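Could you put the whole structure together from the sequences, leaning on the hints where they help?
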Amino acid sequence: MTARGTTGASKAWSDYESEFGPALRKDGTARFRLWAPAAAQVCLELEGSESLPMDSVGAGYHELTVSCTPGARYRYRLPSGLSVPDPASRMQDGDVHDASVVLDMQAYHWVHDDWTGRPWEDTVLYEIHSGLAGGFDSLREQLPKLAALGITAIELMPVADFPGKRNWGYDGVLPYAPDGSYGTPNDLKRLIDIAHGLGVMVFLDVVYNHFGPEGNYLSHYAPDFFRDDVCTPWGPAIDFRQPAVRRFFAENALYWLRDYRFDGLRFDAVHAMHDEGWLKETADFVRSRIDPRRHVHLVLENDANTATLLRSGFVAQWNDDAHHVIHHLLTGESSGYYVDYVDNPAGKLARALSEGFVYQGDASTWRSGDTRGEPSAELPPTAFVFFLQNHDQTGNRALGERLTALCAHDPDSLKAAVALQLLAPHIPMLFMGEEYGVKAPFLYFVDFSDEVLANAAREGRKREFGAFFATEHVDGRCSLPNPADERTWALSRIEPDALEAEYSEGWFEYYRSLLTLRAREIAPHLPRARSRGAKALSSRAVMAEWVLGNGSNLAIYTNFGQKIHLNPKDQKDNLAVLAECTPVFESRSGAAGQLLKGCLPAGCTVVLLQAVPDTPNGIDNDTS
304 MTARGTTGAS
314 KAWSDYESEF
324 GPALRKDGTA
334 RFRLWAPAAA
344 QVCLELEGSE
354 SLPMDSVGAG
364 YHELTVSCTP
374 GARYRYRLPS
384 GLSVPDPASR
394 MQDGDVHDAS
404 VVLDMQAYHW
414 VHDDWTGRPW
424 EDTVLYEIHS
434 GLAGGFDSLR
444 EQLPKLAALG
454 ITAIELMPVA
464 DFPGKRNWGY
474 DGVLPYAPDG
484 SYGTPNDLKR
494 LIDIAHGLGV
504 MVFLDVVYNH
514 FGPEGNYLSH
524 YAPDFFRDDV
534 CTPWGPAIDF
544 RQPAVRRFFA
554 ENALYWLRDY
564 RFDGLRFDAV
574 HAMHDEGWLK
584 ETADFVRSRI
594 DPRRHVHLVL
604 ENDANTATLL
614 RSGFVAQWND
624 DAHHVIHHLL
634 TGESSGYYVD
644 YVDNPAGKLA
654 RALSEGFVYQ
664 GDASTWRSGD
674 TRGEPSAELP
684 PTAFVFFLQN
694 HDQTGNRALG
704 ERLTALCAHD
714 PDSLKAAVAL
724 QLLAPHIPML
734 FMGEEYGVKA
744 PFLYFVDFSD
754 EVLANAAREG
764 RKREFGAFFA
774 TEHVDGRCSL
784 PNPADERTWA
794 LSRIEPDALE
804 AEYSEGWFEY
814 YRSLLTLRAR
824 EIAPHLPRAR
834 SRGAKALSSR
844 AVMAEWVLGN
854 GSNLAIYTNF
864 GQKIHLNPKD
874 QKDNLAVLAE
884 CTPVFESRSG
894 AAGQLLKGCL
904 PAGCTVVLLQ
914 AVPDTPNGID
924 NDTS
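Numbering (the numbering used here), first residue to last: 304 to 927.
Read the hints as simulated data drawn from the structure, not as lab findings.
Model, not experiment: these values are computed from the prediction.
Just to be clear, a hint being listed does not mean it is correct.
[What the hints assert, rightly or not] Now the in silico label distances, taken between C-beta atoms and shown as ranges:
#, residue 1, residue 2, range
1, VAL645, VAL414, 48 to 56 Å
2, ALA451, GLU681, 32 to 40 Å
3, GLY635, HIS523, 43 to 51 Å
4, ASN853, HIS415, 28 to 36 Å
We put the CB at the ideal spot given by N, CA and C, even for glycine.
Right under this line is the structure:
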């Protein structure tokens, strides 16, 4: 499913004007607008002008149209005398506390103006942090190599303006303004433009469930923006019962898709938003105001496993269940939420491969017996984003270890997991650097100017993740890196020459061979693909089958344990179904031949595919 507009909406998308932020007019004026229901009077402080009283226009809005040119600096002055930036600022003159800047959002001239995107089934995601990549311009230079790898979409961690120069992005407080430490708005547009020229989509991670703790002035003039009866892990919940709040974020989603031409959005932690209705409304709102020729994809992160949302305008969800059970199988970790995947892990992985969610209304030990999730078996495999690592699952560890470190004792099983991820008919997502087998950690980092907040971030990490990993050495010294220390950010930085050094271990070529095979044999046939079921072959091995859209069969055997001899009856049944299938990939040399003789070697994945006429098939041996 692709979130797209309708033909009847073609006029709407071309002339829609946002209610928030400065709107430049052709007559040399600009309309300024602020929702400040708690302020009796708001004044516009425009560069080069005296403080200008704004008109109260009802429903808590204050508005003023004045002569203005692009580049002008401005603030809003409240009755208390406090001057604040625009919460819908398109650009800041400095950091989050500084003046906002009026931009002409139509000034950039797109080189690849005819780009309409790619179908969802083509997607191979690559999650990346713009700051660690060196900023928008540096990231732009990395695009050709990512495209050559087989990446079809990069997903930027949040870029909304946050305090300081170092942040994951989830402490953003100005949702419309790209953070200046990464580059200018035009730098971001240029990145997207160049990506499109390479055939690469660009997604953005957006955060609508909370604001960061520094630089958010909304409580001074719009306390109704937040609820006083519901809290999230990050503070009071945003009040989506307010029409202005609903509009503010819906227009933000449209803004990134329309003005910056992002190809898709990943909605962060929607389970913390407490309003599924807004999500459905926003999907409809966006589709009705986007050029109907474009492929635009809306993706969820949703701990609640709400499958109905994937039938209501959202194309897919990050599948934490699949990650968690594979992580347990690879590492043996069973603390924190991994406790839910200790019992019958192979059976749970089989369910994830065949039905998407593991938890579909099932009781969760981690949640003290509460149920989680909705039935998902009727959804296509492409409704689930399949990853082995991401910013959360790597960074939310005491030491930010990647799988190359955690699986150093069993690299064959890690290779088997990668093959399963990239060749299964779900949508795969890589995390920056994993294609090189990078060993540098990915740590949590912030750059708060307030020392109290910086200390709170450190202590909060210790409390939040104490259930997972030890945070102290035996001598009592804290082993958890200080998020506010610049050295923590530096440890997470991957230098280009360090990447090149990783070639010797063969990871890049391994990923490229898998993605080449996926692009040739699997991705073209993902529309209408469906599961034929999956089952555990042992406590650590699974097999799964799918019918692809062209009618061919795909089967994957994966073993994270020791060599197993398949049950003769199972083997007979499996090979009867796959009688015309041919091995197309084996993560260990000789594994396919052994499978056909009834054995599945330790630490391997074997992929079989029904031969398609006029399509060459053969074993892609891994000899690294």
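Hint check results:
The given range of 48 to 56 Å is respected by VAL645 and VAL414, whose C-beta atoms sit roughly 52 Å from each other. Between ALA451 and GLU681 the Cβ separation comes to about 37 Å, which falls inside the hinted range of 32 to 40 Å. Our hint of 43 to 51 Å for GLY635 and HIS523 holds, since their Cβ atoms are close to 50 Å apart. Evaluation of the 28 to 36 Å hint for ASN853 and HIS415 yields a pass: the beta carbon distance comes to about 31 Å.
Hint violations for this structure: none, all hints satisfied.
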